[in-house]
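Visitor: 1 is the number of the first residue of the sequence shown in the UniProt record's numbering; add one for each residue after it.
None of these hints come from the bench; they were simulated from the model. These numbers come from a predicted model, not from an experiment. Mixed in with the good hints there might be a few duds.
Claimed, not checked - Each computed DSSO-like pair below joins lysine-lysine, with the alpha-carbon atoms no more than 30 Å apart:
(1) Lys139 - Lys51
(2) Lys58 - Lys139
(3) Lys136 - Lys78
(4) Lys58 - Lys250
Claimed, not checked - Per label pair, the in silico range of CB-to-CB distance:
(5) Ala95 - Ile191: 23 to 31 Å
(6) Gly226 - Gly106: 40 to 48 Å
(7) Val40 - Gly75: 20 to 28 Å
(8) Pro169 - Trp84: 37 to 45 Å
(9) Ala170 - Trp258: 46 to 54 Å
(10) Val133 - Val192: 33 to 41 Å
(11) Arg53 - Val99: 56 to 64 Å
(12) Ala184 - Lys139: 19 to 27 Å
Built from N, CA and C at the ideal position, the CB exists for glycine as well.
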Amino acid sequence: MPRGAAAVDAAVRGTAKVAASVSRSVSSHCTLPSTPASAVSHAVAQYHEAKRRYAQAKRALKAAQRHIVPTDAFGNRKPRLRGWLHLVTLPLCIAASIVLICIAPGGPVKAACAVYGASAMLLFGNSALLHVVPWKSAKVTRVLCGIDYSNIFLIIAGTNTPILFALSPAIRVPYLTVIWVTAAVGTVAHIVWLRAPNWVFTLVYVILGLAPVSLIPALWTAPAVGPAATVLIACGGAAYIAGAVCFAIKRPNPIPGWFEFHEVFHLGTVVGYTCHVVAIYLVVCAL
């Protein structure tokens, strides 16, 4: 039996007992006429009244819940769609990563694609774990938050890795060294400095995300990249940056309580990932 129905039945049984007790008391004092039939009738009326009030309260509770925005372990607003975009993207990301590794030519390129796939799966997987699961522990939530934001550095570095195999080692090696060192430092800093203002790391994300701009001429003319892949790379970077800016300024909030600025940020990462994974497919197939 549902808990609500059990509570109503218990209340009704209690009411019936009280009614019977009152009836016996009244009969013994002969102040009011009372019969067993009237006591039962009164109890039945109490039962139906209790059921009516329970149903009314249940409807009112459901109506109120529709207007209540959930909160996380820190008491911050947590719109209902928080994390679901990344949860849906995760299996698609896993499938795309497996196919990409399989079609990649040679050991080094396969390794680069594996790094990219791992960084993307970690990004979407940890984000879904953090945002979809209703964590009650502030400590667990804080750790997952640190990993979540650190993954942004890793996805930037991971995305650059297979793309740069289309360029000469003279360009690829120093560029990847700088990118990965910056990503490593940023990852550690984010885990250590959990209470940093949003704009601090957002600025670093944007600077790191804009780094490939310096390579656009080389990518545009590279045989394995060309204009199509270069445009996709630029569009993906723009989507990531736009999402990061929305996260920093906490705007816009299209559907309050359901889809707010954080969800817009997540949408930017999904769009950016989609553009980049298609571009990497084009590059890998041309190598």
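Visitor: State for each hint whether it applies.
Guide: We went through each hint and held it up to the structure:
Simply put, Lys139 and Lys51 have alpha-carbon atoms about 43 Å apart, too far for the 30 Å limit, and the pair is violated. In summary, the hint linking Lys58 to Lys139 is not supported, as the alpha carbons are separated by about 34 Å, beyond the 30 Å threshold. For the given pair, Lys136 sits about 13 Å from Lys78 by alpha-carbon distance, which is consistent with the 30 Å threshold. Restraint check for Lys58 and Lys250: not satisfied, since their Cα atoms lie roughly 35 Å apart, outside the 30 Å limit.
For Ala95 and Ile191, the hinted distance range of 23 to 31 Å is satisfied, since their beta carbons lie about 29 Å from each other. The hinted window of 40 to 48 Å between Gly226 and Gly106 is violated, with their beta carbons roughly 20 Å apart. Hint check: Val40 to Gly75, Cβ distance near 51 Å, so the stated range 20 to 28 Å is violated. Checking the proposed 37 to 45 Å range against Pro169 and Trp84 shows it holds: the Cβ atoms sit about 42 Å from each other.
A hinted range of 46 to 54 Å for the beta carbons of Ala170 and Trp258 is consistent with their spacing of about 50 Å. Between Val133 and Val192, the C-beta spacing of about 24 Å breaks the proposed range 33 to 41 Å. Restraint check, Arg53 to Val99: a C-beta distance of roughly 59 Å satisfies the suggested window 56 to 64 Å. Distance hint for Ala184 and Lys139: a CB-CB separation of about 25 Å, consistent with the stated range 19 to 27 Å.
Checked against the numbered hints listed earlier, the structure breaks hints 1, 2, 4, 6, 7 and 10; every other hint is satisfied.
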